[in-house]
Amino acid sequence: MREVAVLGVGQTKFGELWDRSFREIGIEAGLQALVDAKLGSGDLGGLFLGNMASGTLLDQEHIAPLILDYAGLAGRHLPAVRVEGGGASGSLALHQGFLAVASGHYDFVVVGGAEKMTDVPDTTANAIISSTADHEWEVVFGATLPALWGLIARRHMHEFGTTREQLARVAVQMHENASKNPLAHYRNKLTLAQVMGAGGVAEPLGVLDCAPLSDGAAAVVLGPLEVARKYTDTPIRIAASEVACDTMAVQHRASVTTLESTVAAARRAFARARRAPADVRVAEVHDAYTISALIALEDLGFVEKGQAGPEFESGRFAPGGSLVINPSGGLKAQGRPFGAVGVAQVVELVRQLRGEAKERQVSGATLALAHDVGGTGATSAVHLLERAN
Amino acid sequence: MSIARFWRETPRRYNLGGSKCTICGTVYFPPRAVCPTCPRHRQTLEKMVPFQLTGDGEVFSFTIVHDAAEGFDMQVPYVMALVTTVEGPILTGQVVDVTPEEVHIGLKVRATFRKLREEGKAGVIHYGYKFSPAVDSDVRPPVRGPGVPSETTTPAPSDRASA
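From first to last, the protein sequence lines stand for chains G and C.
Per our numbering, the first sequence runs over residues 1 to 389.
Per our numbering, the second sequence runs over residues 1 to 163.
The following block holds chain G by itself, in its conformation from the complex (with noise of 0.2 Å):
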């Protein structure tokens, strides 16, 4: 197996794109990719495109080749694969673009994810977004995907001593690091009352603590480490693409507290890796939910189960703090077009550890974490990036 790094990046707004389409917003993500990564088309291998829910959200199945044709490529007949994997969709066309890469069998490919989110009413979405839950044992009996959350929210609060508050601070954080991304869906700050105060959604979830539907599209250009310099002189190695999955209903767990499939996915990648939590300066992670972004500090290991409520309250995943968490505005505030979001994550990254972030800079990063969550943790993915010496 090659080594393999990201040579290009490309992302589009965030947010309610009335005016763009579906195939728009994915070429301009991957074009830039291409330009970012100063390859020429010619030297293509292919595309894996991580999308949700194109059939049901735009009556358009078959989108990976409909991509790759509106970006000019269908005379050179590439192979063109779309990857589902509900919100971890992103993440899991970016593990398939990296074995495509590592294995040999190609030597550079795009991986896009992309997601329209807009073009069908809120209730339309909402349902479709609940189906990434077991339809047949969870949905038909009243439970929706932030219903499911706040079961597990509660459970949290109950086990733990999670407070409310501590849920809300998630948010608040989430929409201070979103004011300094250009790309952001939400770019205006929350108060704690704010959140707290907003209408319930699935108590003790309220709406200030769900992530938008949004649209938008990320793309990123994967090639050989060996050859990444003749592209870019800051080439980030690919150090651990991950992929774990769990039980689909959340009935089902020995633990609603615990996403076992993000433990199994982090517990892979830093043994990959040969690195540690504590290594991780910067990361983005799965904060469709308030409590999923607790949750999610606890089983990627960095901090004690129970304990990330009053290690977040404590200031310690800010910008400035020992680990920033989602520099972006996360999933919250820069917004979730589901399978734009696993490779959207890695754009941020890439530009941090590339030293490109602007005013959200994170300092001496030079490793970085994405961890991406489909449903409420039937599946889970975990990508480590570092910067090539």
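What the hints contain is simulated information worked out from the structure, not anything from laboratory work.
Where hints are given, some of them may not hold.
[Stated by the list, open to error] Derived CB-CB ranges, DEER-like: (1) C:P77 <-> G:C245: 27 to 37 Å; (2) C:A33 <-> G:A278: 39 to 49 Å; (3) C:K108 <-> G:T191: 33 to 43 Å; (4) G:K305 <-> C:K108: 26 to 36 Å; (5) G:R274 <-> C:V135: 56 to 66 Å.
Heads up, the beta-carbon is just placed ideally off N, CA and C, and yes, glycines get one too.
With the hints as your guide, set chain C onto chain G.
Just chain C now, kept in the frame of chain G:
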């Protein structure tokens, strides 16, 4: 959800028909073809037998839903819970016949047969289990739904796991 898709699960949704591994004794709901608990789980393929839950249990966690699932709009706010049954499996369902303020972790509940949602996409009414508070003096038999296929009969008492 199509009529056939909902109908084929009625033995489970109406009558809490699960399965039990005859090797390790673990009970599952919904029923499983293989036992995830047994180390050599492939050998359990022919060893899973039907097992019916009593529907008694207690609230393990709960949430008050304001942003309803499709077809549940008329019921907001409603309580969704994870209920740990006395036989072991945890079920996801609504807690009804109680105000949301009265629901707490540890609340004893019992499954009850109810209308789940008024109309799915195909225009049918979906029925299944919800949970209502149980009281110590409760002597009513577990509520069963109609139209049960004969293969999901209640197992012999000796086949039941203890609480």
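Verification of the hints:
1. C:P77 <-> G:C245: 27 to 37 Å: This hint holds: roughly 33 Å between Cβ atoms.
2. C:A33 <-> G:A278: 39 to 49 Å: holds, 43 Å
3. C:K108 <-> G:T191: 33 to 43 Å: Because 40 Å falls inside the window, the suggested range holds.
4. G:K305 <-> C:K108: 26 to 36 Å: Holds, since G:K305 and C:K108 (Cβ atoms, about 28 Å apart) stay within the stated range.
5. G:R274 <-> C:V135: 56 to 66 Å: holds, 58 Å
Of the numbered hints listed earlier, not one is contradicted by the structure.
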